[in-house]
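Student: Now for the letters of each chain:
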Amino acid sequence: MKLQIIQAVLIVLIVVAGIVGYYVGQQVVTPTAPIVEVTRYATVTLRETVTQPGPTITIVQTTPVTPPTTTPPEFVGTVKVGALLPLNLPIGKMMLSAIQLAVEEINAAGGVLNHKIELVYYDTQWSGDKAAEGYRKLAEDGVKVVFGVFGSHEALAIMDLLPLYEVLVIASGAVSDAIDAKVLENYEYYKYWFRTYVNATSQAAATWDLLAYLSRRFGWTKVAWIYEDLPWVIPHALYGQERSVKEGIEVVTAIGVPTDITSFTDVFARVMASGAQYITWQFSGTEDYVFARDYFLSQVPLLAVGGGTYAMLDVFYNQTMGAAEGLICISWGFPAPITPRTMEFYEKYKKLFGTEPIFTTWYAYDSVYVWAEAVRKAGTFDTDKVIKVLETSVFVGTAGIYEFTRSHTAKLAPDRIYPIYFQWQQGRRVVVWPFRVVEYGTKLLFPKSVDGTRVWIEIPWP
Amino acid sequence: MEELKYILIFGSFHSLTYLVFSLGFSLVFGVARLPNLTYGALYVLTGYSTYVFLNYLNTPLYLAVPVSILLTAAISLAIGESVIKPAIKFPVSVFITTVAVAYIFEELFSIQMGLKPVTLPLYPGTTSILGIPVSNHWLLITAVCLAMTLALLAFLYKTSTGKAIRAVAESWEESMRLGINPLRVLRATFLISGVYAALTGILLAPLKALTPTAGWSPLFAAFAIVVMGGIGNILGTVVASLVYGFIEQSMVYVLGGGIARVAPLILILLILVFRPHGLFGRGE
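Chains as they are written, first to last, in my numbering: chain Y, 1 to 462; chain X, 463 to 746.
Think of the hints as simulated: they come from the structure by calculation, not from any bench. All C-beta atoms in this analysis are idealised placements derived from N, C-alpha and C, irrespective of residue type, glycine included. Worth double-checking, as some hints may not be accurate.
As the list claims (entries may be wrong) - Dumping the calculated PhoX-like pairs for lysine-lysine here, alpha-carbon to alpha-carbon at most 25 angstroms:
| # | chain 1 | residue 1 | chain 2 | residue 2 |
| --- | --- | --- | --- | --- |
| 1 | Y | Lys443 | Y | Lys80 |
| 2 | Y | Lys351 | X | Lys625 |
| 3 | Y | Lys144 | Y | Lys351 |
| 4 | Y | Lys443 | Y | Lys388 |
| 5 | Y | Lys348 | X | Lys578 |
| 6 | Y | Lys351 | Y | Lys191 |
| 7 | Y | Lys116 | Y | Lys93 |
| 8 | Y | Lys348 | Y | Lys93 |
| 9 | X | Lys467 | Y | Lys350 |
| 10 | Y | Lys93 | X | Lys620 |
| 11 | Y | Lys116 | Y | Lys448 |
| 12 | Y | Lys144 | Y | Lys116 |
What the hints assert, rightly or not - Now the stretches of chain X that chain Y is said to cover, found in silico as 3 or more residues with beta-carbon under 8 angstroms:
| # | stretch |
| --- | --- |
| 13 | 640-649 |
| 14 | 667-673 |
| 15 | 691-703 |
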C-alpha cells in the first residue's frame, strides 16, 4: 500500500509539473514585440508599397497559360526542379498535381530560358526527418528549386540545410512565424527560403481585418472565439490579444474545443450567455461539420466568421444539409476574379482532376510560375541572381499578387495575397470580403432571433 | 449553475458515445481476451456502407441500415475466422495482425471513398431538456445504447452461448472439459461484436463527419475504458464509460478542449495503481 501511495503521488506530481510546464511554456512563447512582418488592410495601399524605401519593385506578369502548340518547342537543355510534399495527405497530392500542371504548361509554352523543366518529387510522409532527407536528395540530384513544403515542422527541419546546399525553396504552406524569424535574424544563412503563402500571424491578421470591419459597421464590441485547442492556434491567440485592444473589441469568451467534439450546443449556449455580439471560429479538422449542424440546431442568432478546412469546400453546404446557411468562411484561393489568371486555373484544374483546387493547391501552382518568371527576368538559373529578382519583383499569380517581405513570405494585403471570405447562401458561396472582389448587388445574410427562431435578413453589402 | 446543467446533459451524452463504442469491443477484448483492433475500421465501414446505400444506390434508410449491419457482421466474422483464429493463443499476434487489417481497410476507404469527409443524416428534430435544445439523435443514441447494454448483459448471463463465452474467457481448457467448443463460441463473439460495431457506426457516424481514420480515436478510448472498468466485466465498462465521459466533459470547461482529453487517462493511471485489474476486474 505504501508503494502504491508513492506511485500515486508521483503521478500527481508529474501531472502538476506538466500543467505548470504547459502554462509556463505559454508565457515564454508570448513575444514582447512582434518579430514577424504583418501587413494590415487598413495601412497598406499599392501606392505605399511601391514608394516605400528599399529596392525598386517591378511588376512581372507571369506567362499566361497557353495551349500546347502543334509543333513541340525546341529545348537547348533540361533543368530539374523538385517538389517536397506529404503525399500521404490529400492536400499533398493536390499540391503535387498543381505543380505538375504548372510544369507541363510552362514546358508547352517553351520552358524556361529554352530549357525543359523536369520535375522530381519526394514524399515527406508528413515527417520532418523525411523532409530533410528529401531536400538533401533533391539537392544532390541537381534540382534548382524545391516547391511544396507544406508542414512547418518539415520546413524547420530543412532550414539548416539551406546554406549547405544553396538550393532555393519556394514553399506553399509551412506558416510558422519561427521560419520568418530565422530569415530576419540571419539573412545570409536562410535567404534561400521563400514562401508563396502567408505566415500564421498574417493569417490571424486577415481574420481580424474582417472582425474589425464588422465591429465598425455594426457597432459591435464583443466577440466570442471558438477554436480548436491545438498549438497551431497560439499565434492567432497572441495576435488577437494585441489587435482586439487596438480595435476596441473585447473577446468575451474564448472556448477551446477538442478535435473529436460531437456537440457544440453547450458551446453556443456559453457564447450566448457571454453577451457576445458575433463569433469567430477556427478549426483544422472535421469540427466544421458539427459546428455548422449545431449552429443551425441551436438557432444561433449571431454572425459566425471563421475558418475551417472543410467549410470552404464547394460540397460543404450539401454535406451539412443546409445547416451551413449564413456561416462566413475563409478561403485561401477562391474561384472569383482575384487576378486575370484565377478563373482560368480554377476551371482547368477542376476539369483535369474532377475536384476544385483548395487552399495551398493554388499557391503551389503559382510557386512554379513565380520561379520561372524570376529566372527569365534574371536571365540565368543562378540562385543568388534569382533571389534578387524574387526580392525586388511583384508576380501576378492565380491566388493573388506576390510581393515578398523581408522575411521572404508573401505580403498580406487586399491587393497582394489575401483570403476571400464568403457566406453560405442557399448553397452558394457568396463573396463578402474583401470588397475589391465583392460583386455588385451582393446581400449579406444577417441573423435575427424571432421567438427563439433564427431568421435571416438580407442587407445590401457592402 | 448553468454550467453544471450543461456538464450533466452533455457529459451524459458524451459518456454514452463511449459506452456505445466500448460495448462490442469489451465483448471481444474483455470477455474473449482478444485485442481486435479492427473494431474501429468496422465502425467506419458501416458508416461508409450506409452512406453508399443511401447516396449511390438510393436505398431507403430502413433497408440501408439492416443491410449495412449484416454486411459488417459478416466481415467481422470473416476477419475473426481468417485473421484472429490462427493467432488465437498469442494475443500480441492478434494485436499486430488486426492493426495491419485495420490499416488495409483505411487505405481501401481512402481509395474508394476519397479523402473528403462524408456525412450521414441525423435523426431529425430537437427536444428541450432543462431548457436546452438537444438534437433528437442524442435521444436515439440514449435509447439504443440502453437496449444494447441490457441485451449484452442478458446475452452473457442468461443464454447458453453467452455463458459459454464467459466460460471460454475464464479457461480455454476447462471449457473444453465442460463440452464447449471454444472455436464455435468465438465465432459467435465475432458475429455479435460485428453487429455492435455496426450499430455504433449507424449511431455515432452522423454526429460528425466520417473520414477513413475516424475509428482510431474512439478505439483508443474504448481500450482505456475496458481496462479501467476491468477486463471481462461489462458492468465495469458501463461505469468506466460514464466516468471517462463525465471527467472529459467537465475538464473541457475547466481546462479547455485540448488538455481535457488527458484528464481521464490520468485518472486511469491512478485507478490502476490501486486496482491493477480495473474498477470491477478480478485478480488471478
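Student: Does each hint fit the structure? Answer for all of them.
Tutor: Going down the list of hints, with the structure as the test:
Between Lys443 of chain Y and Lys80 of chain Y the alpha-carbon distance is near 49 angstroms, which puts this suggested pair outside the 25 angstroms criterion. Restraint check: the Cα-Cα separation between Lys351 of chain Y and Lys625 of chain X comes to about 60 angstroms, which exceeds 25 angstroms; the hinted pair is violated. Annotation: proposed proximity of Lys144 of chain Y to Lys351 of chain Y is violated, straight-line Cα distance about 30 angstroms (limit 25 angstroms). At roughly 44 angstroms between alpha-carbon atoms, Lys443 of chain Y and Lys388 of chain Y are farther apart than 25 angstroms, so this suggested pair is violated.
A distance of roughly 21 angstroms separates the Cα atoms of Lys348 of chain Y and Lys578 of chain X; the hinted pair therefore holds under the 25 angstroms criterion. Between Lys351 of chain Y and Lys191 of chain Y the CA atoms are separated by roughly 37 angstroms; this puts the pair beyond 25 angstroms, and the hint is violated. Straight-line distance between C-alpha atoms of Lys116 of chain Y and Lys93 of chain Y comes to about 23 angstroms, which keeps the hinted pair within the 25 angstroms bound. The hinted pair formed by Lys348 of chain Y and Lys93 of chain Y meets the criterion: a straight-line CA distance of about 17 angstroms does not exceed 25 angstroms.
At roughly 48 angstroms between alpha-carbon atoms, Lys467 of chain X and Lys350 of chain Y are farther apart than 25 angstroms, so this suggested pair is violated. With a CA separation close to 54 angstroms, the supplied pair Lys93 of chain Y and Lys620 of chain X exceeds the 25 angstroms bound. Restraint check: the Cα-Cα separation between Lys116 of chain Y and Lys448 of chain Y comes to about 59 angstroms, which exceeds 25 angstroms; the hinted pair is violated. In summary, the hint linking Lys144 of chain Y to Lys116 of chain Y is supported, as the alpha carbons are separated by about 13 angstroms, within the 25 angstroms threshold.
Restraint check on the stretch 640-649 of chain X versus chain Y: 0 residues with Cβ-Cβ distances below 8 angstroms, three needed, restraint violated. Evaluation of the coverage hint for the stretch 667-673 of chain X: fulfilled, as 4 residues show C-beta separations to chain Y shorter than 8 angstroms, against a requirement of three. Only when three residues or more bring their CB closer than 8 angstroms to a CB of chain Y does the claim for the stretch 691-703 of chain X stand; here the count is 0, and the claim is violated.
Comparing the model with each numbered hint stated earlier shows that hints 1, 2, 3, 4, 6, 9, 10, 11, 13, 15 do not hold.
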